[in-house]
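Listed in order, the protein sequences are those of chains A and B. Read in order, the letters of the first sequence correspond to residues 1197 to 1311 in the working numbering. Read in order, the letters of the second sequence correspond to residues 26 to 135 in the working numbering.
Rather than coming from a laboratory, the hints here were simulated on the basis of the structure. No residue lacks a Cβ here, since even glycine has one placed at the ideal position from N, Cα and C. Some hints here could point you the wrong way.
Some chain A residues near chain B, calculated using beta-carbon distances under 8 Å [what the hints assert, rightly or not]: (1) Gly1238; (2) Pro1239; (3) Phe1241; (4) Glu1249; (5) Gly1252; (6) Phe1256; (7) Leu1277; (8) Ser1282; (9) Phe1302; (10) Pro1304; (11) Gly1305.
Below, simulated DSSO-like cross-link-like pairs (lysine-lysine); rule was C-alpha separation at most 30 Å, straight line [what the hints assert, rightly or not]: (12) B:Lys134 with B:Lys93; (13) B:Lys81 with B:Lys42; (14) B:Lys28 with B:Lys93; (15) B:Lys66 with A:Lys1248; (16) B:Lys81 with B:Lys93; (17) A:Lys1226 with A:Lys1248; (18) B:Lys134 with B:Lys66; (19) B:Lys28 with A:Lys1226; (20) B:Lys81 with B:Lys66; (21) B:Lys81 with B:Lys134; (22) B:Lys93 with A:Lys1209; (23) A:Lys1248 with A:Lys1209; (24) B:Lys66 with A:Lys1226; (25) B:Lys81 with A:Lys1226; (26) B:Lys66 with B:Lys42.
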Amino acid sequence: DAGVTQSPTHLIKTRGQHVTLRCSPISGHKSVSWYQQVLGQGPQFIFQYYEKEERGRGNFPDRFSARQFPNYSSELNVNALLLGDSALYLCASSLPTGGLYNEQFFGPGTRLTVL
Amino acid sequence: ELKVEQNPLFLSMQEGKNYTIYCNYSTTSDRLYWYRQDPGKSLESLFVLLSNGAVKQEGRLMASLDTKARLSTLHITAAVHDLSATYFCAVDMYNNDMRFGAGTRLTVKP
């Protein structure tokens, strides 16, 4: 079975530009979460979507937005890019467990470099 | 605010030795996860710990959870080079927010 897929794998942008990152969850998974991992640090939670609705949001500015589509794939959008947005962006999908737990399976990530 | 603290942040071990990585967290949770990350790669799920006293083992790694002490440990037995990686613990906040520690960068030397 295919795991979580993300595209593109690498991306170079300049300050002020906009970027869209894409994620396809594991088949059957309805929840998608996005994380930002700056080099040398642990992942930081950005958003979680479940059944196309935002279910959680981390401490990120409004320049960050996301959405989930009917097929459960997701996009993360970042506007007005800053140098500090350079990071590995990870998407994770999980299978609903009725609130029991939230084991997440991570995709390979998109490496974003802002120049 | 929830804090998740791992120590040590850097660990250099010799092959064959044992060591423990600690993960302390500052709020009530009984759902804790351990992940492994190789350089330039994504995160691989190692263990899911869901209750006080939970202990899980896979090969040379064993994880445990003490929810009363808000502490999880990842014990490495007879380390081998293939275990060299960065290990993260993560605490489930119950509000769909997962908080990760800063990671422990493990290097196993011959």
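Results for each hint:
1. For glycine 1238 of chain A, the shortest C-beta to C-beta distance to chain B is roughly 3 Å, which falls under 8 Å, so the interface hint holds.
2. Checking proline 1239 of chain A against chain B: minimum C-beta separation of about 5 Å stays under 8 Å; hint holds.
3. Here the hint on phenylalanine 1241 of chain A is kept, as its CB sits about 5 Å from the closest CB of chain B, short of 8 Å.
4. The criterion of a C-beta within 8 Å of any C-beta in chain B is not met by glutamate 1249 of chain A, whose closest approach is roughly 11 Å, and the hint is violated.
5. At its closest, the beta carbon of glycine 1252 of chain A sits 3 Å from a beta carbon of chain B; the interface hint therefore holds under the 8 Å criterion.
6. A hinted interface residue such as phenylalanine 1256 of chain A counts as satisfied when its beta carbon comes closer than 8 Å to some beta carbon of chain B; here the least separation is about 12 Å, so the hint is violated.
7. The interface hint given for leucine 1277 of chain A is broken, as the beta carbon of that residue sits about 22 Å from the closest beta carbon of chain B, more than 8 Å.
8. This hint is violated: serine 1282 of chain A has a C-beta 15 Å from the nearest C-beta of chain B, more than the 8 Å allowed.
9. With 8 Å as the threshold, the beta carbon of phenylalanine 1302 of chain A comes within range of chain B, its nearest partner Cβ sitting at about 4 Å, so the hint holds.
10. About 5 Å separates the beta-carbon of proline 1304 of chain A from the nearest beta-carbon of chain B, less than 8 Å, and the hint is met.
11. Because the closest C-beta pair between glycine 1305 of chain A and chain B is about 5 Å apart, less than 8 Å, the hint holds.
12. Restraint check for lysine 134 of chain B and lysine 93 of chain B: the C-alpha separation of about 35 Å exceeds 30 Å, so the hint is violated.
13. For the proposed pair lysine 81 of chain B and lysine 42 of chain B, the alpha carbon gap of about 20 Å is at most 30 Å, so the pair holds.
14. Only pairs whose Cα atoms come within 30 Å are accepted, and lysine 28 of chain B paired with lysine 93 of chain B is accepted, the gap being roughly 16 Å.
15. For a cut-off of 30 Å, the pair hint linking lysine 66 of chain B to lysine 1248 of chain A stands: about 28 Å separates their Cα positions.
16. A hinted pair counts as satisfied when its Cα atoms are at most 30 Å apart, and lysine 81 of chain B with lysine 93 of chain B qualifies at roughly 18 Å.
17. Distance check on the hinted pair: lysine 1226 of chain A and lysine 1248 of chain A sit about 9 Å apart at the alpha-carbon level, within 30 Å; holds.
18. Under the criterion of a C-alpha separation no larger than 30 Å, the hint pairing lysine 134 of chain B with lysine 66 of chain B is consistent with the structure, at around 21 Å.
19. Simply put, lysine 28 of chain B and lysine 1226 of chain A have alpha-carbon atoms about 28 Å apart, close enough for the 30 Å limit, and the pair holds.
20. Restraint check for lysine 81 of chain B and lysine 66 of chain B: satisfied, since their Cα atoms lie roughly 24 Å apart, inside the 30 Å limit.
21. The hinted pair formed by lysine 81 of chain B and lysine 134 of chain B meets the criterion: a straight-line CA distance of about 26 Å does not exceed 30 Å.
22. Distance check on the hinted pair: lysine 93 of chain B and lysine 1209 of chain A sit about 46 Å apart at the alpha-carbon level, beyond 30 Å; violated.
23. This hinted pair checks out: lysine 1248 of chain A and lysine 1209 of chain A have alpha carbons roughly 28 Å apart, not beyond 30 Å.
24. With a C-alpha separation of about 24 Å, the suggested pairing of lysine 66 of chain B with lysine 1226 of chain A holds against the 30 Å cut-off.
25. As the CA atoms of lysine 81 of chain B and lysine 1226 of chain A are separated by approximately 27 Å, the hinted pair is consistent with the 30 Å bound.
26. Our distance criterion of 30 Å between C-alpha atoms is met by lysine 66 of chain B and lysine 42 of chain B, whose separation comes to about 26 Å.
In this structure, the hints that do not hold are numbers 4, 6, 7, 8, 12, 22, in rising order.
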